[in-house]
Each structure stands twice: as structure tokens, then as C-alpha cells.
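Counting along the sequence shown from 1, when you hit position 255 you're at 259 in our numbering, and nothing is skipped either side.
Simulated from the structure, these hints should not be mistaken for lab results. By construction, the Cβ of each residue, glycine as well, lies at the ideal position given by its N, Cα and C atoms. Please note that the accuracy of each hint is not assured.
[Said to hold, decoys possible] Restricting the straight-line Cα-Cα distance to at most 25 Å, the calculated cross-link-like pairs of lysine-lysine (BS3-like) are:
1. Lys80 <-> Lys170
2. Lys114 <-> Lys82
3. Lys37 <-> Lys114
[Said to hold, decoys possible] Across the chosen pairs, the derived CB separations fall in these ranges:
4. Gln184 <-> Asp70: 53 to 63 Å
5. Glu192 <-> Met5: 29 to 39 Å
6. Leu185 <-> Lys37: 38 to 48 Å
7. Leu197 <-> Gly127: 19 to 29 Å
8. Glu225 <-> Gln105: 31 to 41 Å
9. Asp196 <-> Pro248: 15 to 25 Å
10. Ile214 <-> Gly16: 18 to 28 Å
11. Gly169 <-> Lys116: 20 to 30 Å
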Amino acid sequence: MNRIIVVTSGKGGVGKTTTTANLGAALARLGKKVVLIDADFGLRNLDLLLGLEQRIVYTAIDVLADECTIDKALVKDKRLPNLVLLPAAQNRSKDAINAEQMQSLVEELKDKFDYIIIDCPAGIEAGFRNAVAPAQEAIIVTTPEMSAVRDADRVIGLLEAEDIGKISLIVNRLRPEMVQLNQMISVEDILDLLAVPLIGILPDDQKIIISTNKGEPLVMEEKLSVPGLAFQNIARRLEGQDIPFLDFMAAHNSLLNRIRRRLLGG
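My request is simple: use the sequences and hints to build the entire structure.
The following block contains the structure:
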């Protein structure tokens, strides 16, 4: 059975595309056949995060216009043979495609891949509706900010109205020190507000920025960083594995204790 998952949030800039790229790469590393669909027509970025921008010849729009087959439009990642990208057209608006056309693209792909992961554009307008139309499941990405959490809550309601029953949550850019100082919403408070299952927590880490700028997903690192390990764990949870969550609060407290001991000469 293949799985069709939309990665969404409502609010822009919370890390949907980074999540899509890393989850796709992590699942491919687990031996799954994965296609990532960039549904952000006009503002595509998924190709950049995967380091595939120089290899795009055709896009989803070309497939729909019968200018090429869908196999020709798929961009293969040479580092991960199981991972391919269906890019969006950068010079077209979100209105260039409709929900029925998105469904037809997914229909062509679903027998060839274990996972179809759709990177949803920001907002809840036409682009959102197109990305959600073929999805069976959804992953909501939010950051620990009230505006992002409120937008995520709104999107959860819209997904439920579309009969997407399986919805999971990723909390991105967590800063344990700010949570301890009551300057940031805790993961527990976010779960209380949104009432959907948690599938991953990601720290606010500069390595994520470096990897996106280089076009190399964190999960491709030889020695995984903490955020790389967190993404890998999310992929394994998607596969049904019982993987404990990384305890960023404990790690932060341990670091503080080591600093205090050094300052006190202990």
C-alpha cells in the first residue's frame, strides 16, 4: 500500500519544504520509493533544498499540457536512487493547476512509489486545496508561536472537513531555554491546543539553515546531527516504528549543569 501525504501548515516560513525534503530523503534511505511533489506553483523551492535545481527540464505543468510524460518530468536524485522530484513551474501562478489535475498527477504516480509526499504552499486558498485534494494523510508543521499554532488549528479543521482522518504534528524550531523561561510555548501546550498526535520535534538549529543553503538534506550526513537524527526518527515513526522522542529539555539542562560546574570549578 502506498501512502499519499501532504505537508502543510497554513502559515508560511515554518519549515514545510525543509520537512518535505528531509522526510523524503530519510524514507529513501530506509529503502522506500519516494516521490516529492512541489505544489507551490510560482514559488518553487523544493528543488533548491534537494540540490536538484540545475537538473529540471520539465515540470508538472508540462505533463498536464501533454508536452512530456510524467516519467520525463521526474528529477532523480543521484545520491538516493529511490528519491525523485516532480517540480512545480516557477513562471506560473497557483491558478495554473486545479484540484482535479493534481489528483490526475498523483494517480499516474501512485502505483510506482511507496510514498507520495506533497509540499503544500502557504495559505488556505487554491494552492492549499490543490495540494490537499489527492492526500490520504497530512503532516502539520508548526513553530512554537501563537500565530503559527492558530493557523495550524485552522488547517486541521479544513483537513478534517476534507475527510483526511490521519493527521500528525511536527513542532519545529523549539528552543528549550526559551520554554524554561516561559518565553516560548511548550510542546505540551501545543498538543493541548491542537489535539493531534505528535510525530516529531525539531530544535532551532543553524545546521538546518546551512543544509538548506547547500541543497543537502540533513539526513544525508555521514554522521547525523541532532536535527538530522530527529528527521530520521520521524521517517521511522511514519514506518510504524516505536521511536522515543529526543529530550531537548533534558539535553539543555545537562548543558547548563556542565557550564555551572565549570564556572564553579567543580
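Each hint tested on the structure:
no.: 1; hint: Lys80 <-> Lys170; in the structure: 29 Å, violated
no.: 2; hint: Lys114 <-> Lys82; in the structure: 22 Å, holds
no.: 3; hint: Lys37 <-> Lys114; in the structure: 11 Å, holds
no.: 4; hint: Gln184 <-> Asp70: 53 to 63 Å; in the structure: 57 Å, holds
no.: 5; hint: Glu192 <-> Met5: 29 to 39 Å; in the structure: 33 Å, holds
no.: 6; hint: Leu185 <-> Lys37: 38 to 48 Å; in the structure: 45 Å, holds
no.: 7; hint: Leu197 <-> Gly127: 19 to 29 Å; in the structure: 21 Å, holds
no.: 8; hint: Glu225 <-> Gln105: 31 to 41 Å; in the structure: 37 Å, holds
no.: 9; hint: Asp196 <-> Pro248: 15 to 25 Å; in the structure: 21 Å, holds
no.: 10; hint: Ile214 <-> Gly16: 18 to 28 Å; in the structure: 21 Å, holds
no.: 11; hint: Gly169 <-> Lys116: 20 to 30 Å; in the structure: 25 Å, holds
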